[in-house]
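2 protein chains.
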Amino acid sequence: MHVKAFEAMMVADELPCNVKFMIEGEEEVGSENLGIFVQNNHERLTADVILVSDTGMLANDVPSITTGLRGLSYVEVEVTGPNRDLHSGLYGGCVANPINILAKMIASLHDENNKITIPGFYDKVINLTDEERAEMAKAPFSKEAYCKALDIDEVMGETGYSTMERGSIRPTLDVNGIWGGYIGQGAKTVIASQAFAKISMRLVPDQDPIEITNLFLKHFESIAPVGTKVKVTPHHGGEPAVTPIDSIGYKAASIAYENTFGKKPIPVRSGGSIPIVAMFEKELGLKSILMGFGLDSDAIHSPNEHYGLFNFYKGIETIPHFFVAYTELMKK
Amino acid sequence: MHVKAFEAMMVADELPCNVKFMIEGEEEVGSENLGIFVQNNHERLTADVILVSDTGMLANDVPSITTGLRGLSYVEVEVTGPNRDLHSGLYGGCVANPINILAKMIASLHDENNKITIPGFYDKVINLTDEERAEMAKAPFSKEAYCKALDIDEVMGETGYSTMERGSIRPTLDVNGIWGGYIGQGAKTVIASQAFAKISMRLVPDQDPIEITNLFLKHFESIAPVGTKVKVTPHHGGEPAVTPIDSIGYKAASIAYENTFGKKPIPVRSGGSIPIVAMFEKELGLKSILMGFGLDSDAIHSPNEHYGLFNFYKGIETIPHFFVAYTELMKK
Chain A
7 MHVKAFEAMM
17 VADELPCNVK
27 FMIEGEEEVG
37 SENLGIFVQN
47 NHERLTADVI
57 LVSDTGMLAN
67 DVPSITTGLR
77 GLSYVEVEVT
87 GPNRDLHSGL
97 YGGCVANPIN
107 ILAKMIASLH
117 DENNKITIPG
127 FYDKVINLTD
137 EERAEMAKAP
147 FSKEAYCKAL
157 DIDEVMGETG
167 YSTMERGSIR
177 PTLDVNGIWG
187 GYIGQGAKTV
197 IASQAFAKIS
207 MRLVPDQDPI
217 EITNLFLKHF
227 ESIAPVGTKV
237 KVTPHHGGEP
247 AVTPIDSIGY
257 KAASIAYENT
267 FGKKPIPVRS
277 GGSIPIVAMF
287 EKELGLKSIL
297 MGFGLDSDAI
307 HSPNEHYGLF
317 NFYKGIETIP
327 HFFVAYTELM
337 KK
Chain B
7 MHVKAFEAMM
17 VADELPCNVK
27 FMIEGEEEVG
37 SENLGIFVQN
47 NHERLTADVI
57 LVSDTGMLAN
67 DVPSITTGLR
77 GLSYVEVEVT
87 GPNRDLHSGL
97 YGGCVANPIN
107 ILAKMIASLH
117 DENNKITIPG
127 FYDKVINLTD
137 EERAEMAKAP
147 FSKEAYCKAL
157 DIDEVMGETG
167 YSTMERGSIR
177 PTLDVNGIWG
187 GYIGQGAKTV
197 IASQAFAKIS
207 MRLVPDQDPI
217 EITNLFLKHF
227 ESIAPVGTKV
237 KVTPHHGGEP
247 AVTPIDSIGY
257 KAASIAYENT
267 FGKKPIPVRS
277 GGSIPIVAMF
287 EKELGLKSIL
297 MGFGLDSDAI
307 HSPNEHYGLF
317 NFYKGIETIP
327 HFFVAYTELM
337 KK
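Residue numbers (my numbering), protein chains in the order written: chain A, 7 to 338; chain B, 7 to 338.
Don't read these hints as lab results, they were simulated from the structure. Treat the hints with caution; some may be incorrect.
For identical chains, the list gives no copy identity; a pair is met inside one copy or between any two copies.
[Stated by the list, open to error] Each computed BS3-like pair below joins lysine-lysine, with the alpha-carbon atoms no more than 25 Å apart:
1. K154 / K235
2. K237 / K154
3. K293 / K26
4. K320 / K257
These numbers were taken from a predicted model, which means no experiment stands behind them.
Start from the sequences, fold in the hints, and give me the full structure.
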């Protein structure tokens, strides 16, 4: 049905729907003005759905659609013990050592199943349906190749979930940096007055970054032992976003890929974040469909970043199919 | 009895015993040549006891004698996960994060009673007699003043021991430095490939620093989870030393202090180390008596280091009493 409509569109050189373009040139410097623009132009921006092409797919012969992005809560923590650095010979064993305490506090943030122990942390996590998990599991993944590429013997993560799931549909907590005491060459027998860490949490729908940051703060302060002081400073956050695979937008995108790639795309949750997607949803009440055609091997943000001609033309070819399929499905 | 002998010595201007002087000018740069000198001069250095004046006392009106020095085992540890730094959005939750793992490993080195969990760590620890602990407990100590000086709410240490005991007669494990990942300003969502820590253990008799370093190494490697690699590099060590308070040397020193200070000195174990004391015992089979007259407030190795005239003259006055008392006690 939509194939005929597509051919009709191409012959008549006419779109079956209206298209509004919004071009953002500040994404890499934080999109500071986009939110203001959207806020001031609600009416001009009314639409049925938003299409964003800023994602990738699994492989040129394995088309996929990103259906979820993780959010982020990022904090810096500071543990203070004695008011000055101490000689470990004279004070060792007598006072709380801020580095040992910080290590203990960090260790306690995961339980034996690698679940995060902050009370309330999982309360708003939306669990995927079995259907969605089954769809996700169709994506090709070789644990052997994954481990070999990173030179590790084994993966590690939350019990009960696959590596693909751990990196996309589940929230995480990672220390991104830690420092304290003497870190130069050789030995120095000091007990540091302070120890520091940068800790980030990747969030999934419907976790709210501000709420999670507050839960972290409250919990981290509560586990600080007597004899220490704790300070938590929030850095920045971002909201998670998800596209339901039973939505018209997703279905239309799926049809479009199937038409041009010859096979049904796999819905994939990404571990990363595109903050504007959550912003569009909040400001305009609109879901975004993420139809991107890049590859992991494009090395985005890295030396020798590139984009394949195959992917460039395949995108041009696929997106008009979305316009047609979406319009057709809306009519039903 | 010894008072008469002392007066006789002062009148006659004669020592009741021979005295050999050994002057060491390299202590602050590691005493690299002293061991060689002692090894090559066993015969010239024969003696009954060694007297070292490199310690302090509790207060000018609370004379004390240092009867123990802690030893040291110092190691550097390295935990490696993936072979390169990773994006925490894409890999967070999927692989072992070396910083989180290092924190967990460090946390596991103490149990809930702040006892060290390395198997065999306490095997050679000599427990003090009740008499010795009772003597130690006579030293004046105000927890309130101690906490106030360090601006902490509470002390922390091994269950079952006082703060003075924790800092002297008990072995300890402290992280002296930790680092890994992004430690600059702001946020970076990275999973570091490696994390590092410097860890020192203060040892008490009869713990052997080489043996303890090996126990640490074996244990630390054994607790590294699959998906990580661990490397332990020993830095340097030092043996603990102790002077029995029922020895002639200690008794003679005690008499000397009592004569000049008017009160019996308190035996005190120090948390620090004077490596030559263990070396003298090993090379010459001789115990050292530590008759030092400094104060904590002298700020040794710190800005404005100083030494009181009272202490200077009190030392000159006290040490001859030791010569007399020791000779008298040896005759019995």
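For each hint, the structure was consulted:
1. K154 / K235: Between copies only: 14 Å across, 42 Å inside.
2. K237 / K154: Between copies only: 21 Å across, 39 Å inside.
3. K293 / K26: within (15 Å within a copy, 90 Å between copies)
4. K320 / K257: Classified as within: same-chain Cα gap 19 Å, cross-chain 93 Å, threshold 25 Å.
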